[in-house]
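Visitor: Single-letter residue listing:
Protein chains: 2
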Amino acid sequence: MSPQESQQTGFAVDAQLLAEIARDEKIDGNLLRQRVAEGTVVAMGGKGVRPLGIGLGLRTKVNANIGTSPNYPELQGELDKLNAAVASGADAVMDLSTGGDIDRVRREIRAECPVALGTVPIYQAFGEAEEQYGDMMGMTADDLLGVIARHAADNIDFATLHCGVTRDTVAALKTQQRIGGIVSRGGSLLAAWMRVNKAENPLYERYDDVLAILREFNVAISLGDGLRPGALADATDAAQVSETRVLGELVLRAREAGVQAFVEGPGHVPLDQIAANVVLQKRLCHGAPFYVLGPLVTDVAPGYDHITGAIGGAICAAAGADFLCYVTPAEHLGLPSPNDVIDGVMASRIAAHAADIVKGVPGAREWDDRMSRARKELDWATMERIAMDPGRVRLTRGDRPDGDDAACSMCGKFCSIRAGRRLEEDAPE
Amino acid sequence: MSPQESQQTGFAVDAQLLAEIARDEKIDGNLLRQRVAEGTVVAMGGKGVRPLGIGLGLRTKVNANIGTSPNYPELQGELDKLNAAVASGADAVMDLSTGGDIDRVRREIRAECPVALGTVPIYQAFGEAEEQYGDMMGMTADDLLGVIARHAADNIDFATLHCGVTRDTVAALKTQQRIGGIVSRGGSLLAAWMRVNKAENPLYERYDDVLAILREFNVAISLGDGLRPGALADATDAAQVSETRVLGELVLRAREAGVQAFVEGPGHVPLDQIAANVVLQKRLCHGAPFYVLGPLVTDVAPGYDHITGAIGGAICAAAGADFLCYVTPAEHLGLPSPNDVIDGVMASRIAAHAADIVKGVPGAREWDDRMSRARKELDWATMERIAMDPGRVRLTRGDRPDGDDAACSMCGKFCSIRAGRRLEEDAPE
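As they're listed, the protein sequences go chains A and B.
Residue numbering for the first sequence follows the numbering used here, beginning at 1 and increasing consecutively.
Residue numbering for the second sequence follows the numbering used here, beginning at 430 and increasing consecutively.
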């Protein structure tokens, strides 16, 4: 980073990256630079990785989580999911690996991943502690910082760190009578570690050291919501809000240290609480971009949580959330397959785009209008070409040979568009 | 109907049907009777058909459209879809057949259909006109009323009739510069008929005769929205609103004539216009139940319109819509398959339930809380049993043999719930 670049935003974001994002997003370059400088936009990627802007006024982005698990430690499956996610249009990918040779998996994914890549170092730190000490709870603060540095040095773009799971915020849980308790893996393991070790969260206590590592390797921080609700009953409770308040302070400290920051959010939230969650996060976290998991608007539809998440994601993004973490149909049931990854990315992209239309994101509504004009013209080639998933259109149409090229197998001669033409042509007044 | 029953509500709704609906919905029987009497709830079914209440304070219901098309006239395929829809939990089914022996298809569907059945007589009326006169536009008003009577006599529960496509409302289209024009099949054919024949819509002009038929056979009227928007660009325009205003008058005339009425709505609507559409319909249509198709919140995702419709449907139902017509993944592409029917019903049920949680429908949130408790207990048997689609849960879990019964293949030893137990058990303070 040159001194000039630093002066521009206070972060290690070079002018070329800003220019590329401004062009992609069709927004003014000076406005974008100002928003990066104030922290309402986070700019990542560049230098071989697709430029990615997240935040105020930009297109709502979609992240796909992949990664091995102890039961499924193989690299190849995750590379297949990576490619499925990118081909489906994911704007970013997170490697959440917890099984196999995690360093190797991360490096191979990074080598193949053309988009921004995030990780969650805490999983590996706990896994290595179990190997080294025979108990995850034996992990030391230095162990954890060492794993963070290892991830950061591997050219990742952002890291999720659950810095807001503190003694205070965990204490707030006690009076909440949650049904789901803590459902974040990182959050629950950290809370257990704090209790077993009678110590504060090292990510909080040594936050300055964490920021120094991230600053050195130019990694953005995704402030994880370890206390997010995992049940509708637990949404927007004192524990969640306490953590958000802490994360807001940590956003300011990250900006001060020259580390770009965004904030993670729920989770499981009833439909009528979603907009309030956005207001709260944006206010308490000083306009930092909001990265949400779902939110899922019901707990009762396992097998369809890409849909429960798309409903919540659309409402949340329309209210101002900037970055949607996908949820796949396998959520709550098992590790996703490549097909689940595709379904998850597409559902989140639909949610993001539905929101972008009402956010007034440049070019968003124009896409819909082009599709509507193609429909009116019965122009099937254009409909397929500009569809969010042309392959799915081809597949669905291909299953249904039509007697008549101009209409489709649903209506045939009862086609409303053909009747509309007759309306316009047959009896001019 | 006995005089006593008539006094109760003004409609041919017997006391037993009311009692069954009140019990199913867990609401007070007197309140339900009052709402049926005032027209804010429509009660259908009974006498061998599953009781169905639609409207204020009741669970949001889901309808599945099936029916032959000219290219796919076979009965068996539609019976397969009927069974798929009912097995997936559809509360009502509409037979929209336009191909093959339509009378036979309808009667066979009725014979097999355990839930409320609706039809759209206009399609058959136009189809028969084409056969009889060589041109759909040759249809007479008497032909149309004859087909309505034939449907009504076949023990259907409700009929969609596009009575609000009038000279006035169609004229309102002219200044709107719509992209999509008229996308309702019934609406577009009627508008073309009106223009070719230089005549008013017979469903409007002879509305009293229509009501007399429906009253005789105890069929509810679903006032079709022939001018609904078929593109985001066309939503909430003067043509749509003009038609809604007319439908509001027709609601009052239906109630006066002893015919239960509900009103259909869009369609394609940007996310931020959905709640306003509900306010408008409820106000202009005097609290009549609102039956919406979607609404779809983007035009660009053919192949995934069950998801675009679930997003809109959830928001719309949360704002007060009472009855969701499903949209399948095949929408805009072709006639749905039985699997598309299942995906469509499930997506709409998710939307309906997400809304019922925030509508405060009795028992809705309790279902989610039961699921959340089962998750907390890692009680997989209960999770599967009470899931909205137990078969899907079984299938998804079955694909992923878990090393550890207690956790799942996603997290394994990193399971947040297991860590939570350690948090509670390991180091009591």
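What the hints contain is simulated information worked out from the structure, not anything from laboratory work.
In this text, all values refer to a predicted model and were calculated from it rather than measured experimentally.
Beta carbons: idealized from backbone N, C-alpha and C, even for Gly.
Fair warning: there could be bad hints in the mix.
Unchecked claim - Label-pair ranges, simulated between beta-carbon atoms:
1) Ala516/B - Asp369/A: 33 to 41 Å
2) Asp457/B - Ala276/A: 55 to 63 Å
3) Gly792/B - Asn83/A: 25 to 33 Å
4) Arg283/A - Ala705/B: 21 to 29 Å
5) Thr382/A - Gly506/B: 24 to 32 Å
6) Lys627/B - Arg50/A: 55 to 63 Å
7) Asn83/A - Pro791/B: 52 to 60 Å
8) Gly506/B - Gln16/A: 56 to 64 Å
9) Ala705/B - Glu249/A: 47 to 55 Å
10) Asn83/A - Asp798/B: 50 to 58 Å
11) Ala705/B - Glu38/A: 30 to 38 Å
As the list claims (entries may be wrong) - Here are the simulated lysine-lysine pairs, DSS-like style, with alpha carbons at most 25 Å apart:
12) Lys603/B - Lys376/A
13) Lys47/A - Lys26/A
14) Lys627/B - Lys198/A
15) Lys376/A - Lys413/A
16) Lys198/A - Lys174/A
17) Lys805/B - Lys842/B
18) Lys413/A - Lys627/B
19) Lys627/B - Lys603/B
20) Lys476/B - Lys455/B
21) Lys805/B - Lys174/A
Visitor: Does each hint fit the structure? Answer for all of them.
Guide: Quick rundown of the hints versus the structure:
1. Ala516/B - Asp369/A: 33 to 41 Å: Holds: the Cβ-Cβ distance is about 39 Å, inside 33 to 41 Å.
2. Asp457/B - Ala276/A: 55 to 63 Å: violated, 31 Å
3. Gly792/B - Asn83/A: 25 to 33 Å: With a Cβ separation near 44 Å, Gly792/B and Asn83/A fall outside 25 to 33 Å, so the hint is violated.
4. Arg283/A - Ala705/B: 21 to 29 Å: holds, 26 Å
5. Thr382/A - Gly506/B: 24 to 32 Å: At roughly 30 Å between Cβ atoms, Gly506/B and Thr382/A fall inside 24 to 32 Å, so the hint holds.
6. Lys627/B - Arg50/A: 55 to 63 Å: holds, 59 Å
7. Asn83/A - Pro791/B: 52 to 60 Å: violated, 47 Å
8. Gly506/B - Gln16/A: 56 to 64 Å: holds, 57 Å
9. Ala705/B - Glu249/A: 47 to 55 Å: Violated, at about 39 Å.
10. Asn83/A - Asp798/B: 50 to 58 Å: The hinted range 50 to 58 Å is violated for Asn83/A and Asp798/B, with Cβ atoms some 39 Å apart.
11. Ala705/B - Glu38/A: 30 to 38 Å: holds, 33 Å
12. Lys603/B - Lys376/A: holds, 16 Å
13. Lys47/A - Lys26/A: The hint holds at about 21 Å.
14. Lys627/B - Lys198/A: Not OK: Lys627/B and Lys198/A at ~85 Å, beyond 25 Å, violated.
15. Lys376/A - Lys413/A: holds, 15 Å
16. Lys198/A - Lys174/A: Given pair Lys198/A, Lys174/A holds - Cα atoms ~17 Å apart, limit 25 Å.
17. Lys805/B - Lys842/B: Between Lys805/B and Lys842/B the Cα gap is close to 15 Å, so the pair holds against 25 Å.
18. Lys413/A - Lys627/B: Distance of about 22 Å is within 25 Å: holds.
19. Lys627/B - Lys603/B: Roughly 17 Å between the alpha carbons, so the hint for Lys627/B and Lys603/B holds.
20. Lys476/B - Lys455/B: Holds, at roughly 21 Å.
21. Lys805/B - Lys174/A: Given pair Lys805/B, Lys174/A holds - Cα atoms ~16 Å apart, limit 25 Å.
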